[in-house]
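Asker: Which chain is which? The protein sequence lines are A and B, in order. If you read the first sequence in full-length UniProt numbering, its first letter stands for residue 1, the second for the next number, and so on. If you read the second sequence in full-length UniProt numbering, its first letter stands for residue 1, the second for the next number, and so on.
If you are wondering where the hints come from, they were derived from the structure by calculation, not from laboratory data. Some hints could be false.
[What the hints assert, rightly or not] EDC-like cross-link-like pairs, simulated, lysine to aspartate or glutamate; straight-line CA separation at most 16 angstroms: (1) A:Lys137 x A:Glu102; (2) A:Lys141 x A:Glu102; (3) A:Lys34 x A:Asp76; (4) A:Lys141 x B:Glu68; (5) A:Lys125 x A:Asp180; (6) A:Lys125 x A:Asp160; (7) A:Lys125 x A:Glu102; (8) A:Lys137 x B:Glu68; (9) A:Lys141 x B:Glu14.
[To be verified] Chain A regions said to be covered by chain B (calculated; three or more residues, Cβ under 8 angstroms): (10) 82-96; (11) 186-198.
[Said to hold, decoys possible] If you only want the chain B side, here are some residues facing chain A, beta carbon under 8 angstroms, derived: (12) Arg6; (13) Met10; (14) Leu12; (15) Pro71; (16) Leu75; (17) Ser76; (18) His222.
All of these numbers come straight from a predicted model, not from anything done at the bench. Here a beta-carbon is modelled for each residue, glycine too, at the ideal position from N, C-alpha and C.
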Amino acid sequence: MDDSVGSPQGVVDGAGSVDRRVVLEARGIVKRYKRRRVLNGVDLVVREGEVAAIVGSNGAGKSTMLKICAGLLSPDKGRVMVAGSLGYCPQNAGVMGFLTPEEHFSLFGTGRGLNFEEADRRGRKLAGELDWEISGKVLVKDLSGGVRQKLNVVLSALGDPDLLLLDEPYQGFDHGSYVDFWRSVWSWREAGKAVVVVTHMLNQLDQVDRVLDLTPEKGRRHQ
Amino acid sequence: MTAVVRMAGMTLRELLRRRAVLGLLLVVPLVFYLGRYEETGQAIRFATLGVGFAVSAAALFSSVGGREIEPLLALSGFRPLQLFLGRLLALLAAGTGVAVVYAVIILVGQDVRSPRAVVAALLITALVAAPLGLLLGAVVPRDMEGALLLISVIGAQMVVDPAKDSAKVLPFWSTREILTYAVDGPGDGSFAAGTTHAVGVTVLLMSATGSVMAFRLRRRRHLRFV
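Work out the full structure, taking the sequences as your base and the hints as a guide.
Answerer: As structure tokens, then:
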């Protein structure tokens with residue numbers, strides 16, 4: 001069975017951005033899981049100051065595409081170019097339950113070359129933008145699922161990367177947090193970052209610059 | 001160096017906060033020890049292998065538990081070697097603490113020819129156990145499979161005759177050799193042979209674990225940063 005998806009025709013392109021620097025360029029991405037071809041020649045180009053959404057039905061390969069872009073998974077064919085640094089936010093988990101959020105800032109900040117104070121300051125600022133005030137020494141395992149996911153978002157953006165890859169990052173968010181999350185995305189776009197969001201929330205697609213629709217051919221609908 | 005130390009510090013904190021699991025793991029050597037308390041040699045051997053099991057199991061759980069976060073840390077700038085060395089340092093520190101506690105328990109409760117060799121055997125056991133657990137954690141799909149493998153290794157170590165050449169392929173052969181020296185005297189066991197074996201096994205385990213981690217966290221060929 002070949003439910004080939006995500007060909008270049010699946011991309012809805014924002015206009016008037018060709019003069020901006022390309023931050024993410026994925027070409028001809030092919031990925032199979034055993035005999036099932038999930039991605040078949042997918043292209044995605046995102047420039048600085050752009051937000052791209054990857055949409056599609058369950059199992060369409062949205063997370064697979066994002067992991068390939070992050071270098072966490074190898075495609076069977078295709079290549080990816082990233083200009084600058086990248087941050088990746090997984091769909092869930094990705095944190096250490098017996099550490100506090102501040103300790104996560106410190107640990108991830110070290111990887112980004114930040115000292116403890118700077119990592120803590122940036123982490124708290126990003127958390128504040130998601131309406132999350134960090135208080136006390138609460139272990140991550142004792143946080144709600146939504147707050148844990150906010151921590152993942154904060155950690156992905158901690159080093160101020162040029163490219164942010166966010167895999168359905170708002171799972172467990174309440175409505176207010178969801179709105180705050182998109183405000184953060186738009187502020188990153190204004191700051192010249194390239195942002196790719198895997199989403200199934202189609203109501204946000206009118207506010208992104210590009211849409212990569214990975215829905216299988218028969219059911220594909222463009223924005 | 002900062003990255004290794006920070007990784008070690010956070011791993012150690014995470015480990016020490018899992019008090020229930022740590023408590024249960026620490027009881028294992030004590031149960032082994034008390035079960036053979038009246039037979040000095042056996043009591044010390046069982047307790048020391050129990051320490052090996054406890055430290056290896058802690059390393060195994062730590063390694064499996066870190067699988068989701070390590071790719072993200074690598075993306076944030078950590079090198080695979082820094083992540084591996086940080087985790088190893090943390091487990092060696094924890095293992096040393098456990099070895100010291102059991103050295104005190106054994107030396108207070110038993111009369112041995114060479115107390116120093118008993119302490120050395122416990123420390124060497126922790127040295128071998130940490131990378132053994134990390135290796136198991138790196139190659140098994142889940143911690144359950146790793147725990148079963150570890151039980152098999154410790155069980156084999158307890159029943160196989162250490163005088164056989166084939167026994168030397170087991171990771172804790174050094175423990176039994178040094179303890180034989182400590183309890184029965186130089187005529188029956190060799191401290192140097194035990195130490196050499198431990199160093200060789202540790203280097204082998206560390207190399208294997210480091211290689212598996214480097215492969216798992218490698219930069220994929222399709223991705224190019226400019």
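Asker: With reference to the structure, classify each hint as holding or not holding.
Answerer: Structure-based check of all given hints:
1. A:Lys137 x A:Glu102: holds, 8 angstroms
2. A:Lys141 x A:Glu102: holds, 14 angstroms
3. A:Lys34 x A:Asp76: Given pair lysine 34 (chain A), aspartate 76 (chain A) holds - Cα atoms ~11 angstroms apart, limit 16 angstroms.
4. A:Lys141 x B:Glu68: holds, 15 angstroms
5. A:Lys125 x A:Asp180: Holds, at about 13 angstroms.
6. A:Lys125 x A:Asp160: holds, 12 angstroms
7. A:Lys125 x A:Glu102: Holds. Lysine 125 (chain A) to glutamate 102 (chain A) sits at ~12 angstroms (cutoff 16 angstroms).
8. A:Lys137 x B:Glu68: With a Cα-Cα distance of about 23 angstroms, the restraint between lysine 137 (chain A) and glutamate 68 (chain B) is violated, given a limit of 16 angstroms.
9. A:Lys141 x B:Glu14: holds, 11 angstroms
10. 82-96: holds (count 11)
11. 186-198: n = 0 at 8 angstroms, threshold three: violated.
12. Arg6: The hint holds - arginine 6 (chain B) has a Cβ within 8 angstroms of chain A, the shortest such distance being about 4 angstroms.
13. Met10: holds, 5 angstroms
14. Leu12: violated, 11 angstroms
15. Pro71: holds, 5 angstroms
16. Leu75: holds, 5 angstroms
17. Ser76: Hint on serine 76 (chain B): holds, closest Cβ of chain A at ~3 angstroms, below 8 angstroms.
18. His222: Since the shortest Cβ distance to chain A is 5 angstroms, the answer is holds.
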